[in-house]
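Dock chain B against the given chain V, drawing on the hints supplied.
Chains as they are written, first to last, in this note's numbering: chain V, 52 to 264; chain B, 52 to 264.
Every clue listed holds true.
You can't tell identical chains apart in this list, so a pair holds if it fits in one copy or across any two.
Lysine to any residue pairs mimicking SDA-like chemistry, simulated, CA-CA at most 20 angstroms apart:
hint: 1; residue 1: 144; residue 2: 172
hint: 2; residue 1: 247; residue 2: 71
hint: 3; residue 1: 247; residue 2: 87
hint: 4; residue 1: 247; residue 2: 84
hint: 5; residue 1: 192; residue 2: 181
hint: 6; residue 1: 264; residue 2: 230
hint: 7; residue 1: 247; residue 2: 230
hint: 8; residue 1: 247; residue 2: 81
hint: 9; residue 1: 247; residue 2: 85
hint: 10; residue 1: 247; residue 2: 88
hint: 11; residue 1: 247; residue 2: 231
These are computed hints drawn from the structure, not numbers from a lab.
Number of protein chains: 2
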Amino acid sequence: MSRVKVASFGMSIDGFSAGPRQSLEDPLGIGGTSLMTWLFPTRTFQQMHGDGGGEVGTDDDFAARGFVNVGAWILGRNMFGPVRGPWRDDSWKGWWGEAPPYHMPVFVLTHHARAPLVMQGGTTFHFVTEGIHAALDAAKKAAGNRDVRIGGGADTVRQYLQAGLVNEVHLALSPTLLGQGEALLAGIDLTALGFKCAEHVTSRRAMHVVLSK
Amino acid sequence: MSRVKVASFGMSIDGFSAGPRQSLEDPLGIGGTSLMTWLFPTRTFQQMHGDGGGEVGTDDDFAARGFVNVGAWILGRNMFGPVRGPWRDDSWKGWWGEAPPYHMPVFVLTHHARAPLVMQGGTTFHFVTEGIHAALDAAKKAAGNRDVRIGGGADTVRQYLQAGLVNEVHLALSPTLLGQGEALLAGIDLTALGFKCAEHVTSRRAMHVVLSK
Numbered sequence: 052m053s054r055v056k057v058a059s060f061g062m063s064i065d066g067f068s069a070g071p072r073q074s075l076e077d078p079l080g081i082g083g084t085s086l087m088t089w090l091f092p093t094r095t096f097q098q099m100h101g102d103g104g105g106e107v108g109t110d111d112d113f114a115a116r117g118f119v120n121v122g123a124w125i126l127g128r129n130m131f132g133p134v135r136g137p138w139r140d141d142s143w144k145g146w147w148g149e150a151p152p153y154h155m156p157v158f159v160l161t162h163h164a165r166a167p168l169v170m171q172g173g174t175t176f177h178f179v180t181e182g183i184h185a186a187l188d189a190a191k192k193a194a195g196n197r198d199v200r201i202g203g204g205a206d207t208v209r210q211y212l213q214a215g216l217v218n219e220v221h222l223a224l225s226p227t228l229l230g231q232g233e234a235l236l237a238g239i240d241l242t243a244l245g246f247k248c249a250e251h252v253t254s255r256r257a258m259h260v261v262l263s264k
Numbered sequence: 052m053s054r055v056k057v058a059s060f061g062m063s064i065d066g067f068s069a070g071p072r073q074s075l076e077d078p079l080g081i082g083g084t085s086l087m088t089w090l091f092p093t094r095t096f097q098q099m100h101g102d103g104g105g106e107v108g109t110d111d112d113f114a115a116r117g118f119v120n121v122g123a124w125i126l127g128r129n130m131f132g133p134v135r136g137p138w139r140d141d142s143w144k145g146w147w148g149e150a151p152p153y154h155m156p157v158f159v160l161t162h163h164a165r166a167p168l169v170m171q172g173g174t175t176f177h178f179v180t181e182g183i184h185a186a187l188d189a190a191k192k193a194a195g196n197r198d199v200r201i202g203g204g205a206d207t208v209r210q211y212l213q214a215g216l217v218n219e220v221h222l223a224l225s226p227t228l229l230g231q232g233e234a235l236l237a238g239i240d241l242t243a244l245g246f247k248c249a250e251h252v253t254s255r256r257a258m259h260v261v262l263s264k
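With the rest of the complex left out, here is chain V (with noise of 0.2 angstroms):
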């Protein structure tokens, strides 16, 4: 059955999932970076953007794992990109340069509409208007049998998961304090959501849990 997950997703010990001031230089907030210590040497992630080397072992199976059976993504505007409010022109392609590592459809929750956006590699950038259940929808249409994961920033999980729409979640705790900045499970419940603490593994660089229900 297809489910919607978050994976892959970092928290620090204070709780915060991005640090505080995002920019275009600091896509997570200052000191965010932190947070992803230990997905950057892992194989899966110097496959996607390194040499194509990386390391295998806890980090890199979670870091996998996370892209298996995924059939389309949700992402929110800020994890999109810096601009805000209307788009000014077309020239704002994400992060990720001309092949992103979706290659498949990713819905990308905005205020303000704009025309699909096809990219190399088999991914095509949706923008949704009409909020979070429409996007939920048409992921869930676009995936069929396989996983909707949405992809974040903090602010968007935490939208899905109070509305009560996500089956699974893997955080990564990481060693880490940013103080300030985007507190992930800040005022939810997720005992009163049924999630329970299904799996927990820990590497050198992390604690893994996966929260289900």
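Same frame as chain V, now just chain B:
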């Protein structure tokens, strides 16, 4: 030099250090004992509260370290017991029976004066009505060159953190969800307070992090 530290403090994935509805039956609130799953089997805990056996290893190393060089403790009133409002009599003597595991002076924060309580094994509970700074002054004086350990609960730890009075915090992140309860770090900017994650070690049951400045 004498330091002020928090040690062996449990925190859930969703950031709670106690569950909701603390009571005589649930001193750590509903679900709160799941924060201590890592601690109960350790030799340190078993020698204090159990049969004297217990496991050694990472979890025990951290449990034991929390007691090294400690010369005085500070506890919030809820950590001392479930009695609220004025002390009706001297019948409540803490959660730990006639011989508490402190064996040294323990300063209990309260709004209601009470004479010191001398227990078996070297523990004396002193009740401090003048606030957290007065309690710390008294505890430092009692500890001499040794450290002061803030025992909890969460609200007491938060107060000392926010006042900038803590040098070191050892948290044990447990793979559990509480949903509600006392959010240990919410609204506290540990980065601005000067903390860094100085150490992180994972065991099968928890991720231990040491935050220090």
